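> Sequence:
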Amino acid sequence: MSLADVVASELPPQINPALPPPAFTAEQAGHLIACPLCDALHEEREIATGETARCARCHAVLEQPRSMAMTRIIMLALSALVLMIAAMFFPFLELSVAGRVQRSSLLDTILAFSNGMTAPLTIAMASLIVILPTVRFLSLVYVLAPMAFGHRPARHADFFFRLADHLRPWAMAEVFIVGVAVALVKVAGLAHLSIGPAFWAFVALVLVTVLKDNFMCRVTVWKTLETRRS
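Residues -14 to 215 in the working numbering are what the sequence shown spells out, letter by letter.
Hint data in this document are derived by calculation from the structure and do not stem from the laboratory.
One thing to keep in mind: the hints can contain errors.
[To be verified] DEER-style ranges, computed between Cβ atoms: (1) GLU29 / HIS177: 58 to 64 angstroms; (2) ARG213 / VAL170: 18 to 24 angstroms; (3) LEU175 / VAL46: 44 to 50 angstroms; (4) ILE70 / LEU152: 16 to 22 angstroms; (5) LYS208 / ARG88: 47 to 53 angstroms; (6) PHE75 / SER99: 34 to 40 angstroms; (7) ALA19 / ARG140: 23 to 29 angstroms; (8) PHE75 / ARG140: 31 to 37 angstroms.
Source: prediction; values computed, not measured.
We put the CB at the ideal spot given by N, CA and C, even for glycine.
Modelling step: build the complete structure from the supplied sequences, incorporating the hints.
Below you can see the structure in the form of structure tokens.
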């Protein structure tokens, strides 16, 4: 198995997994990588650009450095921010029933629950589909932009990258667009629907976000932060 496929082998086979894990010194622990799926420990090694390091147990990707990765992630994050602004203020849907036409934007959809007992739902929707994704995009730009231009990491870059990583499961723009698609199928037989430019902007936002997340390697970013700081 080549170095391009595996960072390093797992812990020696003579270690019984039923026994307590061996104690590592601080120096030894600093050179170990845990698989994000199965928690298998691997010895950290240098991976060349373009190669892929996989877990020896479950074959999950551990590290995948790519050329110009930071620049591409920054451009994707900035594109997502522009698409978010377009999705917020341009017409999202147009509904026509019995000669009456109702246009709504994404902002109107969020504010539709702002009265009465459903007010907390407005906060939840605004946070999950607008605020948290926007904070994530801005955090990634803040962390990666200085390093992409060859400078040292910005102040508190570790905190903001950790924040962006923790917010990933809570940024649910893709869940919202799936819900909208299901609702369109149900409403299509009751009224005439016209899809506005904000809808396609939001679809593009989801695609850009997925592409950015698949392109970004967390381990490589952390290594770059440590290297540039020293």
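> Next step is simple, just say for each hint if it's right about the structure.
Okay, the hints, checked on the actual structure:
1. Between GLU29 and HIS177 the beta carbons are some 59 angstroms apart, a value that agrees with the proposed interval 58 to 64 angstroms.
2. In this structure the supplied range 18 to 24 angstroms is violated for ARG213 paired with VAL170, their Cβ-Cβ distance being about 49 angstroms.
3. The hint said 44 to 50 angstroms for the Cβ distance between LEU175 and VAL46, and at roughly 46 angstroms that hint holds.
4. At about 19 angstroms, the beta-carbon gap between ILE70 and LEU152 stays in the expected band of 16 to 22 angstroms.
5. About 49 angstroms separates the C-beta atoms of LYS208 and ARG88, a value consistent with the hinted range of 47 to 53 angstroms.
6. Checking the proposed 34 to 40 angstroms range against PHE75 and SER99 shows it is violated: the Cβ atoms sit about 21 angstroms from each other.
7. The given range of 23 to 29 angstroms is respected by ALA19 and ARG140, whose C-beta atoms sit roughly 28 angstroms from each other.
8. Look at PHE75 against ARG140: about 36 angstroms separates their beta carbons, and that is inside 31 to 37 angstroms.
In summary, the structure is inconsistent with hints 2 and 6 from the numbered list given earlier, while agreeing with the others.
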